Amino acid sequence: MTSSARAYDGLLSRVAQTRDRAAFAELFEHYAPRVKTLLMRSGSTPSAAEELAQEAMLLVWRKAHMFDPARASAAAWIFTIARNLRIDNLRRGSSTLYELDPTFGMEEPQQPDAILCGAEDAQRIRAAMRTLNPEQALAIEMAFFQEQTHAQISQTLGVPLGTIKARIRFGMMKLRAFIERDAGASA
Amino acid sequence: MSARRHPSEERLLAFAAGTLSVPEAVVVATHLALRPETRAWAELGEAVGGAMLDDLAPSGLEPDALDGVMARLDDASDIAPPVPRTADPSLPAPLRGFALGPWRWLGPGVHVRDVLGPRDGDCRVILLRIAPGQSAPRHTHGGVELTCVIEGAYATEDGVFSRGDFEEADPNVTHQPRVVSSAPCLCVAALDGQIVLPGRLGRLLAPFVKL
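Line order of the protein sequences matches chains A and B. Following the UniProt record's numbering, the numbering of the first sequence begins with 1 at its first residue and continues without gaps. Following the UniProt record's numbering, the numbering of the second sequence begins with 1 at its first residue and continues without gaps.
The following block holds chain B by itself, in its conformation from the complex:
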């Protein structure tokens, strides 16, 4: 079975509705930045949100609400300064608003760094860089894992994933992506819980490798 390369329609609707957790939204937004053709789904969700907004019953406002807002129209003193964008400018726009942790060695040809900020319980965002021909440590998934390829390409049992491709890991599948591009493969991933490395090596590494 060939896997799809974009987020599911229900995940895109949750993104449009604003109910997706921030770590998941980071990976979905990265995909949308790199794959404009998927944006139509998010825009459809926003259009649905607009139609629903139009049809909602109005709630009464304070009597002076309109006057108060009209009086503030020309007052720019409370405009929030833009969020500083200090991170790596070579990254897709949705990732530039976050600070990044240092690269850490995770295994031969495999490095990982934290995207600091987006967190939801145990769920967080990392960048993963894997050298050509190398595999990520073989692992099963403690929770949902969403991945979007930023550079390069990797292959799994489901086929090849390249720039912009989005993968939703199946928690029942043991996974070992292998980099098939000639340049290193850079991915952004949202992880929920710890990645479980199976087997003896996993038990051996578990105390040291905190992914």
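Bound-form chain A, shown alone:
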């Protein structure tokens, strides 16, 4: 997975730099079917998910020049494209709130300490996620894939809201601590 995850970063960079259609087709083959799954798990019908997945990949082509491999993995960047498209589809125009993504016009110059070193490395993220306990991993996953608020997750699992929030909070802190330690160790 490691080498292939890196390979997707390279493919996306080639799309950005040389408008490489073959590289785009490879990205499409991997990501379009997964973006479709992501959207279906977030509540889209299969046909709406299909259409949005195709739109998302078209945006990947059009916005590729904004991809910065030093800041995000191809997977994370394509995730944000799909997320923004889904948000706009539900609540038109509200994805402009995410335009403070580092690739867009910034309010203030990026400060070095604002960059989470290592988060751009898909392998590190995966290694970090393996350190979560099952409850933390489930709470974080549900926050992503089911268009569920924390209150709804709490109801689904029959666990108090405060517990869900704590699982997500401690899970996130664990991920960050792991990534920072790991990045420090390999620097």
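These are calculated hints, taken from the structure and not from any lab test. Computed from a prediction, not measured in an experiment: that's the story for all the values here. Where a beta carbon is used, it is the ideal one built from N, C-alpha and C, also for glycine. Each statement offered as a hint is correct.
Lysine to aspartate or glutamate pairs mimicking EDC-like chemistry, simulated, CA-CA at most 20 angstroms apart:
hint, chain 1, residue 1, chain 2, residue 2
1, A, K165, B, E168
2, A, K165, A, E135
3, A, K63, B, D74
4, A, K174, B, E37
5, A, K63, B, D75
The following residues of chain A were derived to be distant from chain B, with all beta-carbon distances above 10 angstroms:
hint, residue
6, R14
7, T156
8, P160
Here the structure of chain A is known, so what remains is to put chain B in place on it, guided by the hints.
Just chain B now, kept in the frame of chain A:
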């Protein structure tokens, strides 16, 4: 106990996941625009989203999906025009995409205006401007209140909140922020339900003051 000045990690994850309500996302985005150091949390959430995306089982696409998209790569005719940004350019970027209602008087030195657009049920966004030395009307919270300071500073029982600081109000606490900056304090807030002004004055004002 000193309160934190940034959104909780679980709220930042919901922002990154795209599941936060729009009014809440407006206040979180304002904070992130003014406080770059918090962005690492949102980016961590996006990185997690990417790793999960990579690991999802693929769903079959229409057989002609790739060909159809490849054929559209050079066609720019369906690109949506950018969202017009007509509101006050002195506001942080996340607020510039919304129209603003007129300033309304709410009490001595206190003005409020609606940020039009972001709504989720009863939850909506307002800008609050309070003059130096003045307090917001003493109030308890009908629902969640998220606040981010855009200019100036206010103090509560929990300490001083200044530019970029984010506060999540505790529904059990009666709250009376007092402006401690020499310039007026401008805040953006997401309110869920009506703010309840306690006491006789509250009952007296309730029919007139709709915050």
